[in-house]
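Asks: For reference, the chains in residue letters:
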Amino acid sequence: MATDSAAADLTVDTASLEAQERYYLASQWTLIRQRFRQHRLALVGISILALFYLLALLAEFMAPYEVKTRFEDMEYHPPTRVRFMQDGLKRPFVYATQQERDPYTLEKVFALDESVRYPLKLFHRGDAYKFWGLWETNWHFIGVDAPGRLLLLGTDNIGRDLLTQVIYGSRVSLTIGLVGVSVSFLIGMVLGGISGYFGGVIDTIIQRIIEFLISIPTIPLWIALSASLPPDWGVVKSYFAIVCILSLVGWGGLARVVRGKLLELRELDYVTAARVMGVSAANNIRIHMLPNFLSYLIVALTLAVPGMILGETALSFLGLGIRPPAVSWGVLLQRSGNLNAIQLYPWVVSPVLFVVATVLAFNFMGDGLRDAADPYKQ
Amino acid sequence: MQVVYAQQVEIANGPVGYGIVPRAHGSYCLLLFQVYTEEFQVKRGLSILIALLLATLGTTACGGETVPVTEDSAPATEDSATLTEADTTEAMISPMAVDGAPWEDYQFSSPAVYTEMTGKTIDVFNEAPMLAAMVEAGTLPSLAERLPESPFVIKPPFHIGEYGGQLNLVGFPEAGSLFTGFTESMQQGLFVGLPKAGPDTNQYFANIVESYDLADDATSLTLNLRQGMKWSDGDALDAGDFSFWFNHILQDKRLFFGDTTNYKIDDEFVEMEVIDDYTIRYNFGKPYKKVVVAWASDRPFAPSHFLGTFHPEYDENADANGQELGFDDWVGAFTDKNMRKNYSARPERPQVNPWIFKEWESAFGSWERNPYYWRVDTQGNQLPYIDSILVTTVQQGGDPEVLKLKFMNKEFDYGPSQISITDLPILRRNEESGDYRVIITENATTSSALGIAFNYSTADPFKSRIFNDVRFRQAHSLAVDRADLSETIFLGTTKPFTSPVSSVWTGYEDWMGTYYAEHDVDQANALLDEMGLPWDENNEWRVNPDTGEIITILGEYATEWLGYHDEMMELLVDDWKQIGIRWQPKFVPEDTLMSRYVANEHDVGIWNTDGGGELTAYTNYPMRLIPPWHWQSCCAMSSYVWRQWYDTKGEQGIEPPAEIKHMFDLAFDWLKTEPGTEDYESKINELIRINVDNLYLWGTVSAPPSVGAVSNRVQNVAGEETFGGAAPGAYPNDVTFIVQ
Amino acid sequence: MVSYLLRRFLYMILLIVITSVVSFVIIQLPAGDYITTLAVRYAATGQVVEQATLDGLRIRFGLDQPVWVQYYKWFFNVLQGDLGWSFQQVKPVSEIIAERIGITALISLLSLLFAYTAGILIGIISAVFQYSYIDYFFTTVGFFGLASPNFLLALILMVIIFNMGGSVGGLFSTEYLDQPWSWGKFVDLLKHIPLPMIIVGTAGTAGVARVMRATLLDELEKQYVITARSKGVTEVRLILKYPIRLALNPIISTIGWELPAIVSGTVITDLVLGLPTVGPMLFSALVAEDMFIASSLLLFLTSLTVIGTFISDVLLYSLDPRIRMT
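Residue numbers (the numbering used here), protein chains in the order written: chain G, 1 to 378; chain L, 379 to 1118; chain S, 1119 to 1444.
These aren't lab readings, by the way, just hints derived from the structure by calculation.
Note that the Cβ used here is the ideal one computed from N, Cα and C, for glycine as well.
Mixed in with the good hints, there may be bad ones.
What the hints assert, rightly or not - Taking CB as the label site, the calculated pair distances span: (1) Glu-514/L x Val-109/G: 31 to 37 angstroms; (2) Leu-294/G x Trp-1301/S: 43 to 49 angstroms; (3) Ala-241/G x Tyr-1122/S: 36 to 42 angstroms; (4) Leu-1377/S x Gly-278/G: 45 to 51 angstroms; (5) Asp-637/L x Leu-1377/S: 47 to 53 angstroms; (6) Ala-1216/S x Ile-1032/L: 48 to 54 angstroms; (7) Gly-704/L x Leu-1227/S: 32 to 38 angstroms; (8) Ser-520/L x Gly-1220/S: 42 to 48 angstroms.
As the list claims (entries may be wrong) - Straight-line Cα separation of at most 25 angstroms, SDA-like style, residue types lysine to any residue; simulated pairs: (9) Lys-1209/S x Thr-687/L; (10) Lys-130/G x Thr-687/L; (11) Lys-964/L x Arg-266/G.
As the list claims (entries may be wrong) - Stretches of chain S that chain L covers, calculated by requiring three or more beta carbons in the stretch to come under 8 angstroms of a beta carbon on chain L: (12) 1143-1150; (13) 1328-1337; (14) 1415-1428.
The following block holds chain G by itself, in its conformation from the complex (with noise of 0.2 angstroms):
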């Protein structure tokens, strides 16, 4: 690996030149994004959180039905498969299905009738909804005409197609880890900032306050919370809620991590220079320091995203978590948490896909910005 690159070196020598030209007058926000490509994974994961961020934003178009759309008689339906293939290359399309009871395990069996087909339609006109609330509409990106049903991850315990529920339970899995992270970051950076700028008697004092902070019980306090809403608020508004609160609790860490970073900061000669010349405190900070570690927070913060999604889904199984009717990917997750779902009907596990890609994929995205955030370190 070494002597590889001694070679390089040797044989593109004015390249590496003007490379190193280039180096030396690039700002540090382009050597953040040239470094942060060097990152494939990272890469990978940005585009895929990319994605599943359009999905949720057009989630009422992108999903093949209605979220409360359901089809009855046809629970637990397997994914119905595309075809190409019939007597040559043809228009993707699916078979109509046939179901019954088996009399003794009671259990519904679906079977092909391939005597009926229905093409995939791309823009097809579906189920109604409003897009975001505000204009009536019906156009899908993709489905197929009733009576045929376009289930392409299989239908949910009580016969709603599983994948526009992914699609629609994303947009309460993706943004809960952003609210809370947000409101955590917004007072662990104030109060961190003016602990490890000022010190003295204020520093104890926060610190105090954040040590008594972390020791408290969340669990307890989740369980106490959820009790303690207002009865008529909805269940994602209460659960929104209790992020929020936890948030206001959980600033600890982060305020922790800023004000070691400011300790360290403070004692340097230009910022020492700066407060000699009578620089204001908040200045002195948003100017001269808080460039030097915002790196280091934006990572710190990209990792406590994924933390917030496996949270909601664990707290979901504990029965503490979002519930149905609301869709989100800890409900699905609840719902597939059973023997007979991972036995008979493996397809309803399938939305821990959707959650492990979202969580690897915020994991790279920090690892990324991680390797990127000190561009001028080798």
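Dock chains L and S against chain G, hints included.
Replies: Using the frame of chain G, we list chains L and S on its own:
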């Protein structure tokens, strides 16, 4: 030793379970378990096949070798004509006596009764090899000293069992009672009733006592105790133990936490008279015919030799003895040792159960046979058959899936109690590899899978108006697509059912179950139109005509243990969208929900309607038929304040309308009537009729059948027959045995 | 220094007391108490629920008294070493904890061992082969455990093992459950322990791998490494000799923070796998408002957290002279 090969029979789609079951003393007999499929029609043209394990054909051509008794099970067909007349709705659990004898012929209060009724005698009593060895070693008195002079005789429902083996169960440790269901099911009461004994006194036999005598005018009850009956530590159980309980526990508020109503006449305790060591009489002063039913499952006695140490009347050092154990005084120690409903969690407290508690660690609890148990089978074998029971403990609130896996992996003999109808597919699929059988029984005490009672006493004037309008309830009931509920959630096993009490009740009439149970959205909408609830401009929701606000009902629910609660609410809310009523379903932790019920702050009570058997109602109160349509101290579904007003005679709560007052009066009058009388029937009929007519508490679909699963090595399982009234198929009892 | 330590120590005690008060209140915050939970459970199993019984139990458990009296009684007893009783299990709390803590610590330690071994290896590989496909492959594998919801992972693995005919759940097969220790029982334990070890372990692997990779990358850029490389030291020796040792430092120094986790175990995985550990019991006690066991356990865990922080702070301050002591 002869082995007869079991023969496989295929009926419909049902595979056949079979086993070779040994007789008590070595010879093997052929057993054949046959699976029936029973067809029954559900309304709306849906016909469903339910495969059902019903019974065995216990052809036992070979007799016991060492037992000098001539009696044996009769051929299967002999008495089949005398099978109890199972009514059609009960088809799923029709009591199938193997050899067709009527149920009365299965349990006998004493050998004398057995001889009198069957003409057969029991000459020799036998004991388990495990105990015989102990007797031989000199660590245990002989069987003759341990058994009462006349033990209770029980004819096992399928076969005479074989001694020995360890049963593996799984359960939750809980306060009040360790492994509730299990310990409750093995506890015996003073009297024992027929399988589905209602409040009819004639259907009860003496159980723990040898015989009882209710005076003709029902003013006194005499109990004749079993001479020589022993506690599990070998001490005699005599009249002293009865008077100890009656005088020093029951009447002492510090020591007795239960309801004393059934021991009082006109708010005064009944009088107890000790006639001799084995005879006691309770005098009531006035007729109290209900007493046998009311006391049937009670155990009005306590081990005075054991608990006396902590009672000042029996031991002057009681306080000191208590303090020695770390309690403040004798009360603490006494309570700790006596713990109600918790006999089995105190290894040292003497018991009369078939198995006595041995030890309990974080991962398991274990029980061992009671050497002094007082029941024998018809061949004189002292029960129980099974030597010991090992219960793997799991955390309350733990995930049941791992338990199902362990059961299917043959690690437990009984399926975990959380098995429900939705597990049927996976259970059935693994039946063969897991070597077990699935037992399906109709849920007899639960009328409906989920019942709904609007809060009629709500403080919101508009909601009060619509909730108290019967058309609002009728519309809601008509909007429910019950066939869809059954197909989607319950694998098609339930039928529409709206009545608050199940069809086995006295006073139930056939129309009640399906009253307003049809699916008719148009009629429902017409009813709401008639009420004057207009639609909003989008024609989406109905609004309050005065304010124009959309009518929103906050549907708070808990009932997490049902497993189907979330799906049910989702489907119901979708149905009610069709009639323009906007429901906001919300799961709430049960504690919080109860506090909202009691505070009268909720819109609607949503709960499963279990625990509403007629007998329970008669010995307590008909909780499903009067506000709050559930137990007051738990889950008061609706209008708790009305009941409060009635109980405190107007001091607290809110005054109910006249009709509700009439319901209260009717209900409490009914408790004073005698079972079997015309008064009894007419009163309860009127009460049910008022409830059904008004749909105060109305149901959705009938409760799904209970599903249990039992290893094929376990035989004589309750639930394959409604045996002993225990929870069907859920737990072992003294005649259950393990194929060795 | 001494006065600083003393001050911190006193503060630590104060913190533990305050936290115990707060936890006690928080646990009681939801409506109802243990008795209401019990009533619902009775009703759910079709039993008769009598008001008199419930009132009696309330008096017996002391739940009829105001919260502060309950707290005072409990805390006073804790000071005397009596952690109270569990209502649910009708047993002394200390006994329950004692029964479970060994198993919990065993599983936690094994999981930690797994997480650190796998994490360190993955960290080294992905640092040495930075931005190569080997890096990407191992990073993805390492992160998979972190990214998959534990309860589902546990369930799916159990089903797979079940389908292969293995015994799942718990720590022992039923046949060994109540047996004294024997070779067979030990082998049985070995069969059951890998599942929780891997599930809990993989969740922690990513964190270790990440730190390892970052610090090792830092080290590899340092002058001494470059010098060594230019002198022709083989690549393997080059990496193993010093950089790895140095890169292990931050990982080892934070191991102490795992202390409370070792004692409590993980709630969710243990619930799914049906393990008799501390975590699920704490959760169950919290949900049921089983006051004393919940409070005592929380007190125990917060004490560990606070003591852990105290020790790490003291170490940090005494090791780094640049940080002033305030």
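Asks: Against this structure, judge whether each hint is valid.
Replies: Going through the hints against the structure:
no., hint, verdict
1, Glu-514/L x Val-109/G: 31 to 37 angstroms, "violated, 60 angstroms"
2, Leu-294/G x Trp-1301/S: 43 to 49 angstroms, "violated, 59 angstroms"
3, Ala-241/G x Tyr-1122/S: 36 to 42 angstroms, "holds, 41 angstroms"
4, Leu-1377/S x Gly-278/G: 45 to 51 angstroms, "holds, 47 angstroms"
5, Asp-637/L x Leu-1377/S: 47 to 53 angstroms, "holds, 49 angstroms"
6, Ala-1216/S x Ile-1032/L: 48 to 54 angstroms, "holds, 52 angstroms"
7, Gly-704/L x Leu-1227/S: 32 to 38 angstroms, "holds, 34 angstroms"
8, Ser-520/L x Gly-1220/S: 42 to 48 angstroms, "holds, 44 angstroms"
9, Lys-1209/S x Thr-687/L, "holds, 22 angstroms"
10, Lys-130/G x Thr-687/L, "violated, 76 angstroms"
11, Lys-964/L x Arg-266/G, "violated, 51 angstroms"
12, 1143-1150, "holds (count 3)"
13, 1328-1337, "violated (count 0)"
14, 1415-1428, "violated (count 0)"
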